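> As they're listed, the protein sequences go chains A and B. So for the first sequence, this note's numbering puts the first residue at 1495; every next one is plus one. So for the second sequence, this note's numbering puts the first residue at 506; every next one is plus one.
Since the hints were derived computationally from the structure, they do not count as laboratory data. Predicted model only: the values in this text are computed from it and were never measured. Glycine residues also receive a C-beta, built at the ideal position from the N, C-alpha and C atoms. Among the hints, a few may not be true.
[Stated by the list, open to error] Here are some, though not all, of the chain A residues that point toward chain B, as calculated from beta-carbon distances under 8 Å:
id, residue
1, Phe1645
2, Ala1647
3, Gln1659
4, Arg1730
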Amino acid sequence: MSRGGPFEGKAVLTGAGKSQVGRRLGRTGLDLTVEACLRAIEDAGLSVDDIDGVASYPGGGVPQPGFSGASTHELQNALGIRATWYMSGAETAGQIGPVIEACMAVALGLANHVVVFRSVWESTAQASGNRASVLSGGGKAAGHLEYFGPFGAVSPSSWLAMPAQRYMHDFGLTREHLGAIAINARAHAGRNADAVYRDPLTMEEYLGSRMISEPFCLYDCDVPCDGATAVIVSRRDATSGLAHPALTVESVGTGMLERATWDQRRDLTTMAAHDAAATMWQRTTLTAKDVDHAELYDGFSYLTVTWLDALGFFPHGEAGQFIGAGERFGLDGSLPLNTSGGQLSGGRLHGLGFLHEACVQLWGEGGDRQATNSPEVAVVAVGGGPVAGSLLLSTH
Amino acid sequence: MNAYTRPDFRLPPQPTAESAAFWTGGERGKLLVMRCRACGHFFHPPAPVCFRCRSLDVAPEATSGRGTVAAFTVNQQQWLPGLPPPYVVAMIELAEDHDVRVTSNVVDVDPKDLRVGLPVEVFFEEWGEGEDRVWIPLFQPATDTHEGELA
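Pulled out of the complex, with its shape left as it was, chain A reads as follows (with noise of 0.2 Å):
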């Protein structure tokens, strides 16, 4: 297959770790970070002194507690790195924007190994009466919220829940559907011991929980958690002797072709999510039919609704009858989707779990939760509203 992906297959992905992952851990953010590190660095077969550039999302000097568990330069200090290339921000293309940087770092040559991570503490921030408040900064709403705050529209479960009902207005999505997506998270949980929520969702209990933002309800919503995720992005010419066989970075999404709004899209059933996954599809001679594994943010369940639709699995505003009941999701289905849970039922890792799930699924490595496909080609994607990028990997 051909390795004429943005990066001529230059930028591999060679490891990857996850801290303890759970509620209220009471564990701090850096001491999660470097346990996800350390954890990613020993499964690419490699040691600290190896690694030579850093880079995550969102770095430092984020005023919502438990949002960064630690910035680049904490993690470099921490291990003692010799770092030739570094980055953090949060201006980039999604949660996974880090990785895409390190691609092209390895790339031209100004590292040989980037640890990528993305770290939380939010259920302990929450739990010590830290809950990220909307009423720092002088009880006024300012910046995006400025349009949202005085109307009582702090939560994205409000922004994204106009969209969603709009997308169910114009195509007959169903509460039914969301549920699939949210009952499908729950049933991979069951087999992945890091998980926070593993017991069984039926779509009675799902239908029945009381609503956030409608057609919202509890269970189409994430569960804050503590946890760490690191990948290691290697240079391919630097990858004899590792762990793993070195995973390609076939292409990757990163476009943002219309205002960074949350409403005023001209097409409210699309999302910046569009525009990455349009630019992946550019920079490949791969297509969505090549896809045998699927991971896909699901801050909200309709956010990987919304991955599905803008990926091209269907005609756009097909995503109902291509969802159905969920059969093709699961491990023996066509396209086995968010395999260790999600954020829905996993916990909010923010974007990094997605990735570290696909490179597990890709290595085979999945253990009681393998897909039964054997995948060799996946997508991971992440982001919602204006914030989107997408990753398509493979074992090429």
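Based on the hints, put chain B in the right spot on chain A.
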């Protein structure tokens, strides 16, 4: 949800030089939205340049305050003290320019009557004191329907 009553609390906006007109037009009963004098389109939120034609010749202009519901949610979760649910958050497409939306609340409507395309009209709620005074634009079902606006 009928018979809207003013809540005890709304999170006040922090107006900027560009957005001040949007938040204060209500003092004279006007919904002021940025318009480009070069291409004629409205746009929102306010900015010092037209995103379509990049003209700098932009200024706030009074609209009819009429529009239609493009998307909505009935929020059922309490997020802010003094602003109890349920309440409707909606994106309102302006009658003047269907590509332009203002996110707000729709009040005085039974949720079962809410629908995409529902005609609505603006009213204003004054909050704050002195320099901090703002007139928050809210929407209610239109009292008389101009069918021509419901394209």
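> So, for every hint listed, does it hold in this structure?
To see whether the hints hold, each was checked on the structure:
The interface hint given for A/Phe1645 holds, since its Cβ lies 5 Å from the closest Cβ of chain B, which is under the 8 Å cut-off. Hint status for A/Ala1647 relative to chain B: holds, with the closest Cβ pair at about 5 Å, below 8 Å. A least Cβ separation of about 6 Å between A/Gln1659 and chain B falls short of the 8 Å threshold, and the interface hint therefore holds. At a threshold of 8 Å, the smallest CB-CB gap from A/Arg1730 to chain B is about 41 Å, leaving the interface hint violated.
When each numbered hint is compared with the structure, a violation occurs for hint 4 only.
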